[in-house]
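Got chain A sorted already, so can you dock chain B onto it with the hints?
Number of protein chains: 2
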Amino acid sequence: MPNLSKNRQDPALTSLGQAIRRVRLDKGISQERLALLAELDRSYVGRVERGDNNVALLTLIKLAGALGMHASDLLSEANL
Amino acid sequence: MPNLSKNRQDPALTSLGQAIRRVRLDKGISQERLALLAELDRSYVGRVERGDNNVALLTLIKLAGALGMHASDLLSEANL
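Note that the protein sequences, when read in sequence, are chains A and B. Note that the first sequence covers residues 1 to 80 in full-length UniProt numbering. Note that the second sequence covers residues 1 to 80 in full-length UniProt numbering.
If we strip away everything but chain A, and leave its shape as in the complex, we get (with noise of 0.2 Å):
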């Protein structure tokens, strides 16, 4: 099913999606262990490296956290 969201590939988040995949590849970790790490489904970290979801707080944490980040160095990384 297309993804017909509105905000679909925001710049903003696709800013954040291609920090969060930099930082996942700079230590080495696949798509699949973040998944595992973060406690979200797979697909769901593919749709959010892509910006094509507008991650909420909770989320941003998770995923930031998985990374061994702040979520505020995170969106720092991501210049938001």
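No lab work stands behind these hints, which were simulated from the structure alone. Hints should not be assumed to be uniformly reliable.
Since the list can't tell identical chains apart, any single copy or any two copies may satisfy a pair.
[Claimed, not checked] Restricting the straight-line Cα-Cα distance to at most 20 Å, the calculated cross-link-like pairs of lysine to any residue (SDA-like) are:
| id | residue 1 | residue 2 |
| --- | --- | --- |
| 1 | 62 | 77 |
| 2 | 27 | 50 |
| 3 | 62 | 24 |
| 4 | 27 | 58 |
| 5 | 27 | 52 |
Relative to the frame of chain A, chain B by itself:
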């Protein structure tokens, strides 16, 4: 209608809400004015300040912008 959200008053949401309120009062901005600047409903801003809403990233960015901050700085102010 009571808020039955499972995320209601999660410590992280409470911390964000307190930080928004603190910065807002420091700047002498009313809740109504903040809502107007962020193009959000005033009652929604009230819920966020009470920690009753798992705010999405694009909304967080709007709120931070209305307070003259980056979203990363707002999360940092909330120790998140």
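Do the hints match the structure? See the list:
no.: 1; hint: 62 with 77; in the structure: both (16 Å within a copy, 18 Å between copies)
no.: 2; hint: 27 with 50; in the structure: within (19 Å within a copy, 36 Å between copies)
no.: 3; hint: 62 with 24; in the structure: within (13 Å within a copy, 27 Å between copies)
no.: 4; hint: 27 with 58; in the structure: neither (22 Å within a copy, 27 Å between copies)
no.: 5; hint: 27 with 52; in the structure: neither (23 Å within a copy, 34 Å between copies)
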